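Trainee: Below, each chain spelled out in residue letters.
2 protein chains.
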Amino acid sequence: MMLELYHAGLTACSKKTRLCLREKGIPYVSHFVNLKKFEQHKPEYLKLNPNGLVPTLVHDGVAIIESTVINEYIDEVFPDVPLRPEDAAGRARMRVWGKLADEALGPNMMVTFSGAGGIGNAARDLDDAALDKILAGYPLRDRREVVRKVVRGGGFSEAEFAASKEKAGFILDRAEHCLGEAKYLAGDTFSLADINMLPFIDRYQERVVPELVSPDRLPKLCAWLEEMMARPKVIETYAPSEETRPKDGAA
Amino acid sequence: MMLELYHAGLTACSKKTRLCLREKGIPYVSHFVNLKKFEQHKPEYLKLNPNGLVPTLVHDGVAIIESTVINEYIDEVFPDVPLRPEDAAGRARMRVWGKLADEALGPNMMVTFSGAGGIGNAARDLDDAALDKILAGYPLRDRREVVRKVVRGGGFSEAEFAASKEKAGFILDRAEHCLGEAKYLAGDTFSLADINMLPFIDRYQERVVPELVSPDRLPKLCAWLEEMMARPKVIETYAPSEETRPKDGAA
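Top line first, the protein sequences correspond to chains A and B. First residue of the first sequence: 1, per the numbering used here; consecutive thereafter. First residue of the second sequence: 1, per the numbering used here; consecutive thereafter.
What the hints contain is simulated information worked out from the structure, not anything from laboratory work. Fair warning: there could be bad hints in the mix.
[Said to hold, decoys possible] Each computed DSSO-like pair below joins lysine-lysine, with the alpha-carbon atoms no more than 27 Å apart: (1) K37(A) with K24(A); (2) K149(B) with K165(B); (3) K133(A) with K37(A); (4) K149(B) with K183(A); (5) K149(B) with K149(A); (6) K167(A) with K47(B); (7) K99(B) with K167(A).
[What the hints assert, rightly or not] Here are a few chain B residues that face chain A, going by a calculated C-beta distance under 7 Å: (8) V81; (9) A92; (10) R95; (11) E103; (12) R141; (13) A162; (14) E166; (15) K167; (16) I171; (17) A182.
The structure displayed is predicted, hence computed values, not measured ones. Note that the Cβ used here is the ideal one computed from N, Cα and C, for glycine as well.
Input sequences plus hints: build the corresponding full structure.
Mentor: So, in C-alpha cells, the structure goes:
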C-alpha cells in the first residue's frame, strides 16, 4: 500500500488532511507543493488535480482531490480510529459542516485575509509579463481573480470586508449553538467536522475576526477551540516542521 | 417510519432529492414550500432549516438539510437500489461532483439566470417596505444580496455574465472528459453524481448557456443528458404534478 500526500504544509486545507492522517495514525509519503513557486500549476500536478489546488492524495496510483472528500475517503478505506459519527444523522451533520468550511469559510477567508496571503505576496514581486503568465496558469477563475484583485486591483473594499464578516458571524454563531447541544460539532464524538472546521476557526480567532471569536461572545466555541488546539496531533500538525517546509529550504 | 420532504417542486435542489427518492422507490409525505410567498423564511421552517433553503428531509422527527447531504443520507439509511459507487474512489468522485454542483453550478446559475428567477419576480411586485421585510428574512447574506441586486441593483453586468459562463464552461468540459472515461459521471454505474448534476446541466442546455451544451462541442455530455432525461423517474420528477404545485392552486 502506497499513500502519498501532496500538500502545502500549514495552509488551511492541507492542515485538514494532514491532521486526519495523523489522528488515525496512518503513515504517508509527504510531497510539499510550493505555492509561492506556483508548483500547483505544473502540468504533472494538474494531471493529478485539474483544479490546481492542494492537497491531493494518491493512493496506489489513484488521485483523490478536495480535502473534505479526501478525509472521508481516508476514513472509509482505513476504518481504524473512526472519524465519522456512527449514525447517519450524525454523518449528515458532519457533511454540512464540511460544506460550510468549503463553501463559506474558505472563500470568505480569502477576502478577510485580503486575498491570497503568501501567494499574493509572491505574485506582487513579479513583473507584469511574469504575473500574466502566472494568472493564465490558474484553472479556477475565482482563485485567479482573487490574486489579480489583490495584486493589481487594489484589494478588497471595506464593504467586502463587512460582508465577509457578516457571513463569518453567521457560521460562528451556528457553531456556538451546536456546541450547546453536543460536545463536538457533529455530535458527542470528535469527527471530521471538527477537523475540517478547525483551521478556519483557529485563523479567524488569531488573525481575521478576533473580535468575533471571543470567550464573552462565543464561550462554547472558544472552549472547543482551546480543547482542539491542545490535542497532541493538532500541535504536531499545526507546528512548522520538516514536512511544512520547501525541500530547498527557501521560505 | 415517517419520511417527510419539504421542497419547492421543480427548483434544481428540490429535483435532486425528489429524484433520489423516486429512483430508490421510497415513499414520503410531500410538503410544498411556496418560495414565491417566502414560506422558507417562516419561523417554523427555520427551526428545521436555519439556512431558509429547500429541500429539508425530516426522518422520524430529525431534520436533515442540504440536498447533496440529504441524498447521501437517504442512500445510507435505505440501502436498497444503491446510488453510490461500490468503491471508495468512486464515492470520492461522486462527492467531488456534488461539490461542483453546490459550490459552482448552483451559485453560478443564480447569475446566469439573472438571479432569483421566480423569487425575483415575486420580489419585484412588492413595495419598498414589503421588500425590506422580505430581505431582512433571509438568513444567508449571499442569497439576500442576489435578490436585492436583481430587484433594486439593476441585475448582473455583462462582465458578470461572462465570468459565469467561463466557470460553467470549465465544469461542462470536465464532465465531457469524465464521460469519455466512464459511462456515468462517477464511474460505470448511475449514481448520486448524475442525480445531483442533472438539474443544472439540463437547465444550462435549455436556457442558460445552450451554445455551450451542444452536441458538436460536448457530444458525450449531450448523449448523457439525453439518456438521463429519458429515465422514467426523471420524466416523472421533472414534470409538473400535484406535488410541484402550491396547495392553494396559485402559480
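Trainee: None of the hints should be skipped; say for each whether it holds.
Mentor: Here is how each hint holds up against the structure:
1. Between K37(A) and K24(A) the CA atoms are separated by roughly 31 Å; this puts the pair beyond 27 Å, and the hint is violated.
2. This hinted pair checks out: K149(B) and K165(B) have alpha carbons roughly 19 Å apart, not beyond 27 Å.
3. A threshold of 27 Å between alpha carbons decides the hint, and for K133(A) with K37(A) the separation of about 13 Å falls inside it, so the pair holds.
4. For the proposed pair K149(B) and K183(A), the alpha carbon gap of about 40 Å is over 27 Å, so the pair is violated.
5. A C-alpha spacing of about 22 Å is found between K149(B) and K149(A), which places the hinted pair at or below 27 Å, so the restraint holds.
6. At roughly 19 Å between alpha-carbon atoms, K167(A) and K47(B) fall within 27 Å of each other, so this suggested pair holds.
7. With a CA separation close to 20 Å, the supplied pair K99(B) and K167(A) stays within the 27 Å bound.
8. Below 7 Å, beta-carbon pairs count as interface contacts, and V81(B) has none with chain A, the closest being about 17 Å; its hint is therefore violated.
9. Given the 7 Å rule on beta carbons, the hint for A92(B) holds: about 5 Å separates it from the nearest Cβ of chain A.
10. Proximity of R95(B) to chain A holds as hinted, the smallest CB-CB distance being about 5 Å (cut-off 7 Å).
11. Here the hint on E103(B) is kept, as its CB sits about 5 Å from the closest CB of chain A, short of 7 Å.
12. Using the Cβ-Cβ criterion of 7 Å, the hint placing R141(B) at the interface with chain A is satisfied: the shortest such distance is roughly 5 Å.
13. The interface hint given for A162(B) is violated, since its Cβ lies 10 Å from the closest Cβ of chain A, which is over the 7 Å cut-off.
14. Proximity of E166(B) to chain A holds as hinted, the smallest CB-CB distance being about 5 Å (cut-off 7 Å).
15. With a cut of 7 Å, the hint placing K167(B) at the interface with chain A holds, because the nearest CB-to-CB distance is about 5 Å.
16. Restraint check, I171(B) versus chain A: the minimum CB separation of about 10 Å is more than 7 Å; hint violated.
17. The restraint placing A182(B) at the interface with chain A is violated, with a minimum CB-CB distance near 14 Å, outside the 7 Å limit.
Violation of the numbered hints given earlier is confined to hints 1, 4, 8, 13, 16, 17; the remaining hints are satisfied by the structure.
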